[in-house]
Amino acid sequence: MGISEILFWILAALTLFSAVMVISSKNPVFSVLWLIFTFFTISAHYILLNAQFLAIVNIIVYAGAIMVLFLFVLMLMNLGKESEPKKNRWLKLAGAVAGGSLLLVMVAALRHTENQMTELVTGDIGLIKNLGKVLFTEFVVPFEISSILFLSAMVGAVVLGKRDKPVENLITPAVAADEVAVVSIENRDV
Amino acid sequence: MALFVIGIVGVLTRRNAIIIFMCIELMLNAVNLLLVAFSKMNNLANAANNPSAGSDGQLFVFFIMVVAAAEVAVGLSIIVMLYRNTHSVDVNFLNRLKH
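Line by line, the protein sequences give chains A and B.
Note that the working numbering gives residue 62 to position 62 of the first sequence, counting from 1, and the numbers run on in steps of one.
Each number in the working numbering corresponds to the 1-based position in the second sequence with 1000 added.
Excised from the complex, chain A in its bound form (with noise of 0.2 Å):
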């Protein structure tokens, strides 16, 4: 067992742990600060399978531009212990068990494939040079698609976070559903 299966390990066990941690912690902050951790952790993991262009990206858009969106949105609501809404026991098992399931049907499904270990730190596909030169000729199309994805996801987030001025003045959690048609309506015409 060579230094670098045993860092997997390592590395396994972390993300794992801090994994559970981000669906069990309280306070949504502490999650969110788990769920960094993580990410750091997969980051750490494409390191070690030698994509260390997949491990920049990783760390640029999720620890950095997801993650600061998600604790922006999070203060911004000002969300504390006392907000989580409670759920039932049963519900929690029920869920549990269904996954604990799930994780049963696809161990046994992997369980027969060719015994092969990945070779972990060998391999110069991942490096930024390779990857770009494929990038940029067979995948150039979807690329540029992939910019106007953007694009849209970048309009779509502005309609829908803007306020509406008639809807403003009637917010009661009574008359919520009918608010949130009427939006949608109001978004539509714009």
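Bear in mind the hints are in silico, worked out from the structure with no lab data behind them.
Small disclaimer: the values here were computed from a predicted structure and weren't measured.
Please note that the accuracy of each hint is not assured.
With beta-carbon atoms standing in for the labels, derived distance ranges [claimed, not checked]:
1. L1034/B with I10/A: 28 to 38 Å
2. K162/A with L1034/B: 34 to 44 Å
3. L1034/B with E144/A: 23 to 33 Å
4. I1064/B with I128/A: 11 to 21 Å
5. I1064/B with L151/A: 24 to 34 Å
6. I1064/B with R89/A: 17 to 27 Å
7. E138/A with I1078/B: 33 to 43 Å
8. A98/A with L1034/B: 12 to 22 Å
Here a beta-carbon is modelled for each residue, glycine too, at the ideal position from N, C-alpha and C.
For this one, chain A is given, so just place chain B on it according to the hints.
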């Protein structure tokens, strides 16, 4: 794989919409990691004579990350709108949408 299951369990057991969203991100990341690992495993044999074999998997992961970033932006703005309208992030409020 276990990471994916943890994400599913999180979606099933929590009612806070933001936590559910984070679990979706967790599932996406688990799939990305498995995609990279399996593409590397699949192309282990012909990696010697064709150096660019197996870069498809990593590029797919790159595009998944692009889509995930766009999805997070739209989803979080939906959550902000929901919170503004109901003053809660409990997804059970959305039950009313079916009436």
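Against the structure, the hints:
1. Taking the beta carbon of each, L1034/B and I10/A are about 19 Å apart, not inside 28 to 38 Å as hinted.
2. Between K162/A and L1034/B the C-beta distance comes to about 38 Å, which sits within the given range of 34 to 44 Å.
3. The hinted range of 23 to 33 Å is satisfied by L1034/B and E144/A, whose Cβ atoms lie roughly 27 Å apart.
4. Checked against the hint of 11 to 21 Å, the C-beta distance between I1064/B and I128/A comes to roughly 18 Å, which is consistent with it.
5. At roughly 19 Å, the beta carbons of I1064/B and L151/A sit outside the given window of 24 to 34 Å.
6. Distance hint for I1064/B and R89/A: a CB-CB separation of about 35 Å, inconsistent with the stated range 17 to 27 Å.
7. For E138/A and I1078/B, the Cβ-Cβ distance of about 34 Å falls inside the hinted range of 33 to 43 Å, so the restraint holds.
8. For the hinted restraint 12 to 22 Å between A98/A and L1034/B, the CB-CB distance of approximately 20 Å keeps it satisfied.
In this structure, the earlier hints numbered 1, 5, 6 are contradicted, and the remaining ones agree with it.
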